[in-house]
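A.B. asks: Sequence:
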Amino acid sequence: MLDIFDRLLQAYGPRQWWPGDSPLEVMVGAVLTQNTAWRNVEKAIANMKERGLMEMAALHAIGEGKLAEVIRPAGFYRVKAKRLKALIDHFCERHDGAVENTRRETTAALRAGLLSVKGIGPETADSILLYALDRPVFVVDAYTVRFLKHHGLYEGSDYHDVQRLFMESLPEDARLFNEFHALIVCLGQRHCKKKPECDGCPLADGKRRNPCLATQCKNK
DNA sequence: ACCCAGGTGGCCC
DNA sequence: GGGCCACATGGG
Numbered sequence: 021m022l023d024i025f026d027r028l029l030q031a032y033g034p035r036q037w038w039p040g041d042s043p044l045e046v047m048v049g050a051v052l053t054q055n056t057a058w059r060n061v062e063k064a065i066a067n068m069k070e071r072g073l074m075e076m077a078a079l080h081a082i083g084e085g086k087l088a089e090v091i092r093p094a095g096f097y098r099v100k101a102k103r104l105k106a107l108i109d110h111f112c113e114r115h116d117g118a119v120e121n122t123r124r125e126t127t128a129a130l131r132a133g134l135l136s137v138k139g140i141g142p143e144t145a146d147s148i149l150l151y152a153l154d155r156p157v158f159v160v161d162a163y164t165v166r167f168l169k170h171h172g173l174y175e176g177s178d179y180h181d182v183q184r185l186f187m188e189s190l191p192e193d194a195r196l197f198n199e200f201h202a203l204i205v206c207l208g209q210r211h212c213k214k215k216p217e218c219d220g221c222p223l224a225d226g227k228r229r230n231p232c233l234a235t236q237c238k239n240k
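FYI, the numbering for the first sequence is 21 to 240, going by this note's numbering.
If you're looking for bench data, these hints aren't it; they were derived computationally from the structure. A quick note: this is a predicted structure, and the numbers were derived from the prediction, not measured. You may find that some hints are simply not true.
Said to hold, decoys possible - Listed next, the in silico EDC-like pairs over lysine to aspartate or glutamate satisfying Cα-Cα at most 16 angstroms (straight line):
| hint | residue 1 | residue 2 |
| --- | --- | --- |
| 1 | 102 | 89 |
| 2 | 86 | 70 |
| 3 | 138 | 113 |
Construct the complete structure from the given sequences, taking the supplied hints into account.
C.D. replies: Right, dumping it as structure tokens:
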């Protein structure tokens, strides 16, 4: 698995992924992007910032209905407002609303806490752990599963099976997990500029490996 | 006018 | 435990 990472990194370079001005913004983005194009999430985040809502205290104070209207462009806005409020409540109760306070806790304890929040599933929890809290957990998403299938590396799609596949064959390193997942997503995006034609893939080695990961790709 | 996007929880069998 | 379904907006 490490050799695959090296080839992707060599070919595409660092993605410096998941832009966010703060851990809170990354956490919010993780919820807002659930089954949603990032472009729509950006609008919602911009709305929140305009209203001074990218702050723990402000988010804790605002009403759910009000928040829903602000994040409307992200889609599923009523359910996401509920999920954001639940996440913020959890964070305030459990960590007194400060990211710094998570440092004393183990990754396993933090993960269990996040998963106990209604609306936070394994992917959102792991995205928060890796991209906001810098913990070494591998994030699995639709792109990751598609990536493995397309390259004939693994057929299954169970979240923890796939996560184990990566984590058991890679050194436990948050930087590595971050960059690897970012590269997979970059390749998978429909209009990825860096994506090569199928015969120019850095993973192509004569076997059945195909760089085009987009859902509508005909080259399956 | 479709189809899709960095999921999750609830219900049904 | 697996197979649907609702949740919603914006871009191709």
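A.B. asks: Would you mind marking each hint as holding or not holding in the structure?
C.D. replies: Status of the hints after comparison with the structure:
For a cut-off of 16 angstroms, the pair hint linking residue 102 to residue 89 stands: about 12 angstroms separates their Cα positions. The hinted pair formed by residue 86 and residue 70 meets the criterion: a straight-line CA distance of about 14 angstroms does not exceed 16 angstroms. Among the hinted pairs, residue 138 with residue 113 is consistent with the structure: their alpha-carbon atoms are about 15 angstroms apart, no more than 16 angstroms.
Of the numbered hints stated above, none is contradicted by the structure.
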